[in-house]
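Residue strings, one per chain:
2 protein chains.
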Amino acid sequence: MFYTIGEAAKILDVAPSALRYYDKEGLLPFIERSESGLRMFKESDIDWLKIIECLKATGMPIKGIRRFIECAREGDGTIKERLEILKTQRENVIRQIEEIQAHLEMIDYKVWYYSEALKAGSTEALKDYPEQNIPEKFRRYFRKS
Amino acid sequence: MFYTIGEAAKILDVAPSALRYYDKEGLLPFIERSESGLRMFKESDIDWLKIIECLKATGMPIKGIRRFIECAREGDGTIKERLEILKTQRENVIRQIEEIQAHLEMIDYKVWYYSEALKAGSTEALKDYPEQNIPEKFRRYFRKS
DNA sequence: ATATAAGTTAAACCATACTTTAAGTCAATA
DNA sequence: TATTGACTTAAAGTATGGTTTAACTTATAT
Chain A
102 MFYTIGEAAK
112 ILDVAPSALR
122 YYDKEGLLPF
132 IERSESGLRM
142 FKESDIDWLK
152 IIECLKATGM
162 PIKGIRRFIE
172 CAREGDGTIK
182 ERLEILKTQR
192 ENVIRQIEEI
202 QAHLEMIDYK
212 VWYYSEALKA
222 GSTEALKDYP
232 EQNIPEKFRR
242 YFRKS
Chain B
102 MFYTIGEAAK
112 ILDVAPSALR
122 YYDKEGLLPF
132 IERSESGLRM
142 FKESDIDWLK
152 IIECLKATGM
162 PIKGIRRFIE
172 CAREGDGTIK
182 ERLEILKTQR
192 ENVIRQIEEI
202 QAHLEMIDYK
212 VWYYSEALKA
222 GSTEALKDYP
232 EQNIPEKFRR
242 YFRKS
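Quick mapping for you: the protein sequence lines, in order, are chains A and B. Per my numbering, the very first residue in the first sequence carries number 102; after that it's consecutive. Per my numbering, the very first residue in the second sequence carries number 102; after that it's consecutive.
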């Protein structure tokens, strides 16, 4: 029925200290305590923590996540705000994917570059490459001299 | 021919203090100085900084970037190591994209969830949804009660 | 009953990546 | 030539997201 903080931490693959930190920052207002003060994590608390993980991993700061949690506690009057928060985060994530894919292209170019350099035994050789020898998708990264 | 630190910072859209920090951390050993000690950024230095930006934005720590730069300075004997670094980073980036796409799916589910809740005027209504009313791709996130 | 493993808090500490400050030098323009 | 804006450094400060420590309590197994 309930998990201890150590069990919850293991399920979520985080340190117990991280869960205590989230609690202190107001991210876990829903966690019940035993009579002696121990945190008792329900299945639904684990679900909440997965959402927290998701928002955190996609770059939302702790304070932003707290606002979202607070809204959820306030009830149906905040549905619109919660939707707005998530839609905004969705846009952020889409932008992140675009950016990281652009960075991947540059890394792909560099992998190609050093693969060629390894074959040639030096990076000097690449400077004499005629434009035709450079895969088209990499030409935008290639600057002579 | 040369850019000042302020000009370079504007081109790269970073703060001059960030460039000074990178220099202090050993990321910019190639930057020349004027007789009076001012940094002079060449076009090729801007290219290096774009690579630094790329590695940094894809999660490589400053120390990792420094190692890569050091290798480049050491010359052709480090081509293999540089290639390894970039291949490893490429794998990291691919994993990052996969993870963020998984997170996007969860956010998409939440956007759907609160869109439905907004229509219904409450989140309670969703708890009575029959499985058929939940888009298939979201069912894995939907837990009753 | 008692040892030990795991829980509690507040407060201090850490890592990363910068930014800001202070005190001073340099460069460009009126 | 004087002033203003941009540069220099070292050192301190900031923000974020935790972890660690110390002192203590609780839970579990023998």
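The hints are simulated quantities; they were obtained by calculation from the structure and are not laboratory data. Check before you lean on any hint, since a few could be wrong.
The list cannot tell twin chains apart, which means a pair is met if one copy fits it or any two copies do.
DSS-like, lysine-lysine: derived pairs with alpha carbons at most 25 Å apart [unchecked claim]:
hint, residue 1, residue 2
1, Lys143, Lys228
2, Lys220, Lys111
3, Lys238, Lys220
4, Lys238, Lys164
5, Lys220, Lys157
6, Lys164, Lys125
Values in this document were obtained by computation on a predicted structure and should not be read as measured data.
So, going through the hints one by one against the coordinates:
| no. | hint | in the structure |
| --- | --- | --- |
| 1 | Lys143 <-> Lys228 | between (62 Å within a copy, 18 Å between copies) |
| 2 | Lys220 <-> Lys111 | neither (46 Å within a copy, 37 Å between copies) |
| 3 | Lys238 <-> Lys220 | within (20 Å within a copy, 46 Å between copies) |
| 4 | Lys238 <-> Lys164 | neither (41 Å within a copy, 30 Å between copies) |
| 5 | Lys220 <-> Lys157 | neither (43 Å within a copy, 28 Å between copies) |
| 6 | Lys164 <-> Lys125 | within (12 Å within a copy, 32 Å between copies) |
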